[in-house]
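Asker: Sequences and hints are given; from them, build the entire structure.
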Amino acid sequence: MPLEMKSSTEGNTARLSLGGELDGSSAPAVREAVDKLLQARPERLVLELEKLTFMASAGLRILIFAKQKQQNLKIYLLKPQEIVIDTLKKTGFYQSVYVVDREEDIKG
Amino acid sequence: MEQYKFPGTLDALEPIRKYVEGVAQSAGLDHKATYKLCLAVDEIATNVVLHGYEEAGLNGDLMIGSSMENDNLVIELEDHGKPYDPNFHALPNAEDLAERLESREIGGLGIFLALDGVDDIQYASSAKANVHRFIVRLEHEPESTT
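For the protein sequence lines, the chains are A and B, in the order given.
Residue 105 in the working numbering is what sits at position 90 of the first sequence, and the numbering runs on without skipping anything.
Residue 1203 in the working numbering is what sits at position 88 of the second sequence, and the numbering runs on without skipping anything.
Please keep in mind that the hints were generated in silico from the structure rather than gathered at the bench.
Any given hint might turn out to be false.
Said to hold, decoys possible - Below, in silico cross-link-like pairs of lysine-lysine (DSS-like), each with a Cα-Cα straight-line distance of 25 Å or less:
hint: 1; chain 1: A; residue 1: Lys66; chain 2: A; residue 2: Lys21
hint: 2; chain 1: B; residue 1: Lys1197; chain 2: B; residue 2: Lys1120
hint: 3; chain 1: A; residue 1: Lys89; chain 2: A; residue 2: Lys21
hint: 4; chain 1: A; residue 1: Lys21; chain 2: A; residue 2: Lys94
hint: 5; chain 1: A; residue 1: Lys66; chain 2: B; residue 2: Lys1147
hint: 6; chain 1: A; residue 1: Lys66; chain 2: A; residue 2: Lys94
hint: 7; chain 1: A; residue 1: Lys105; chain 2: A; residue 2: Lys94
hint: 8; chain 1: B; residue 1: Lys1120; chain 2: B; residue 2: Lys1243
hint: 9; chain 1: A; residue 1: Lys51; chain 2: A; residue 2: Lys21
hint: 10; chain 1: A; residue 1: Lys89; chain 2: A; residue 2: Lys66
hint: 11; chain 1: A; residue 1: Lys66; chain 2: B; residue 2: Lys1133
hint: 12; chain 1: A; residue 1: Lys89; chain 2: A; residue 2: Lys105
hint: 13; chain 1: B; residue 1: Lys1243; chain 2: A; residue 2: Lys104
hint: 14; chain 1: B; residue 1: Lys1197; chain 2: A; residue 2: Lys105
hint: 15; chain 1: B; residue 1: Lys1147; chain 2: A; residue 2: Lys94
Stated by the list, open to error - Distance ranges between label pairs, derived from CB positions:
hint: 16; chain 1: B; residue 1: Lys1243; chain 2: A; residue 2: Glu119; range: 54 to 60 Å
hint: 17; chain 1: A; residue 1: Asp50; chain 2: B; residue 2: Leu1206; range: 27 to 33 Å
hint: 18; chain 1: A; residue 1: Tyr113; chain 2: B; residue 2: Ser1182; range: 41 to 47 Å
hint: 19; chain 1: B; residue 1: Gly1172; chain 2: A; residue 2: Met20; range: 30 to 36 Å
As the list claims (entries may be wrong) - Footprint (simulated), chain A over chain B, 3 or more residues, beta carbon under 8 Å:
hint: 20; segment: 1220-1230
hint: 21; segment: 1235-1246
Keep in mind it's a predicted model, so treat the numbers as computed, not measured.
Idealized CB from N, CA, C, for every residue including glycine.
Answerer: And the structure:
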C-alpha cells in the first residue's frame, strides 16, 4: 500500500498524518515533510499513525532526525498500531516519545 | 525453489513484502509473526539495495523464493551486489537502545530488527550470488488425543 501523508500546522503544533506503509522507499518524502514542518519551530510534532500498517527502521530514523534537528521538540505518536508500538519498545524509542491514544492527551 | 525476480531498487520493497506476507499466511503464521518476518526481509532487502547495490555503484536484481524444510519456513533472498553479512554487523547494545534520541546513532537499527524478527538469518556469499536465508520455526498445536 503506498504511503498517504497529510501535514498541517496549528499554533505551536505541527501535525503529520501517515497511512499505509512507511519503508525505505517512502521515508525520504516523510523526512522532507517533517523537515518543512520543523522550519516553523513548533513545540510539538504530532504524528497520527492510526492508519499506518507498516513501519521499518527508516521510520525510526525520521524520529531521530526530528529530535536532532530540534532538541526541545515534543514528539507525540497518536494511536499507533500495536505492532508499531512493539517496534518502538524493542528499540527503546518508546521512552523518548509520547505515545497517546486520545487527542485530549496531547498537551504540555 | 520457484524464484521471483525484482529489480534491485527500493521500489521492490513493497512487492517483496507482499510476496512474503502471502507465503507466511499460507504457512499458517499469525499476524504478528507474519509482520515480523516481512519486517526482517524488508530491512535486509533495503540494506542490499542501498549498500550492496547503490553505494557500491552496482546494478542487479533481487530474487526471492521460499520453501518448507522440516518444520521451518525458509525465505531466500538472493542478490549480486557487494557481499554483506548481517551476522557480523555491530548491533546497538542495551546502552545504545536506552540512549536519548537527541544523541542516538542512526545505524544498526534495521539489522537489529531483522535479527529480532525471525529465528535465524543464515548468510552465504559465493562468486555466483549472496543469499540470505530467513528461518522461522513453525509451532504446531499439540495433537488432540480425544
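Asker: Hint by hint, say whether it matches the structure.
Answerer: Structure-based check of each hint:
no., hint, result
1, Lys66/A / Lys21/A, "holds, 12 Å"
2, Lys1197/B / Lys1120/B, "holds, 18 Å"
3, Lys89/A / Lys21/A, "holds, 19 Å"
4, Lys21/A / Lys94/A, "holds, 16 Å"
5, Lys66/A / Lys1147/B, "holds, 17 Å"
6, Lys66/A / Lys94/A, "holds, 9 Å"
7, Lys105/A / Lys94/A, "holds, 18 Å"
8, Lys1120/B / Lys1243/B, "holds, 16 Å"
9, Lys51/A / Lys21/A, "holds, 12 Å"
10, Lys89/A / Lys66/A, "holds, 21 Å"
11, Lys66/A / Lys1133/B, "holds, 18 Å"
12, Lys89/A / Lys105/A, "holds, 21 Å"
13, Lys1243/B / Lys104/A, "violated, 39 Å"
14, Lys1197/B / Lys105/A, "violated, 29 Å"
15, Lys1147/B / Lys94/A, "holds, 18 Å"
16, Lys1243/B / Glu119/A: 54 to 60 Å, "holds, 59 Å"
17, Asp50/A / Leu1206/B: 27 to 33 Å, "holds, 28 Å"
18, Tyr113/A / Ser1182/B: 41 to 47 Å, "holds, 44 Å"
19, Gly1172/B / Met20/A: 30 to 36 Å, "holds, 31 Å"
20, 1220-1230, "holds (count 5)"
21, 1235-1246, "violated (count 0)"
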